Amino acid sequence: MFATEQNKTRILVLNALFITLTFLATMFINIRLPLMGNGGLIHLGNVPFLIAAFIFGKKSGAIVGAFGMALFDIMSGWTLWAPFTFVIVGTMGYIAGLIVEKMPGKKSFVYLLAVAVAMIIKVVGYYFTEVILYGNWILPFGSVPGNIMQLVIAGIIVVPLTKGFKQRIIKSAIKSA
9 MFATEQNKTR
19 ILVLNALFIT
29 LTFLATMFIN
39 IRLPLMGNGG
49 LIHLGNVPFL
59 IAAFIFGKKS
69 GAIVGAFGMA
79 LFDIMSGWTL
89 WAPFTFVIVG
99 TMGYIAGLIV
109 EKMPGKKSFV
119 YLLAVAVAMI
129 IKVVGYYFTE
139 VILYGNWILP
149 FGSVPGNIMQ
159 LVIAGIIVVP
169 LTKGFKQRII
179 KSAIKSA
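Count along the sequence shown starting at 1, add 8, and that's the number in this note's numbering.
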């Protein structure tokens with residue numbers, strides 16, 4: 009029973025840490041692009057939440073992505089976007105984590121596939137969010153390049169980092185056993 013409670017506490021702390029990292033990377037490591045629509049913000053918040061999804065699984069991916077990014081929306085004046093972000097990025101984290109958990113094969117390929125699927129969810133989700141919020145079917149296309157760039161940059165960073173992090177976690181688990 010103690011080990012189960014210890015694991016629950018560890019997962020809670022790790023999720024809180026990655027939510028914070030996601031929020032901070034979104035808030036402070038970003039570049040605004042002069043694009044029409046709302047796709048003019050490229051940030052690195054996708055990096056910590058995808059690492060959480062790839063290392064700790066679909067539940068952590070969903071929790072970290074949903075809360076970390078929605079918290080950014082609330083704290084940065086994009087409050088209207090927060091419920092949409094919560095659902096879209098939570099779904100991205102869950103599906104990316106699920107792909108990594110369930111798909112066999114070379115992990116680098118699996119990570120890239122998970123990033124690609126997350127990108128599709130982001131692009132489609134935010135396109136329709138803008139259609140709903142602005143009542144315009146054309147303007148949201150201006151956000152697509154920024155959304156794609158966010159995930160391409162995140163993928164370039166996350167794939168090699170995740171492999172290294174997983175090896176370190178395995179080594180530390182072996183040492184503590």
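Hints are computed from structural coordinates only; laboratory data are not their basis. On a predicted model such as this, the values are computed, not experimentally measured, just so you know. Watch out, some of these pointers could steer you wrong.
Unchecked claim - The list that follows gives simulated cross-link-like pairs (lysine to aspartate or glutamate, EDC-like), each with its CA atoms no further than 16 Å apart:
no., residue 1, residue 2
1, Lys171, Asp81
2, Lys66, Glu13
3, Lys67, Glu109
As the list claims (entries may be wrong) - Ranges of calculated distance between the beta carbons of each label pair, as one might list FRET restraints:
no., residue 1, residue 2, range
4, Met111, Val132, 47 to 55 Å
5, Ile161, Val21, 25 to 33 Å
6, Leu32, Arg176, 33 to 41 Å
Positions of the beta carbon are idealized from the N, C-alpha and C atoms, including for glycine.
Exercise. Taking each numbered hint in turn, which are not upheld by the structure, reported in ascending numerical order?
Worked result: 1, 2, 4 and 6
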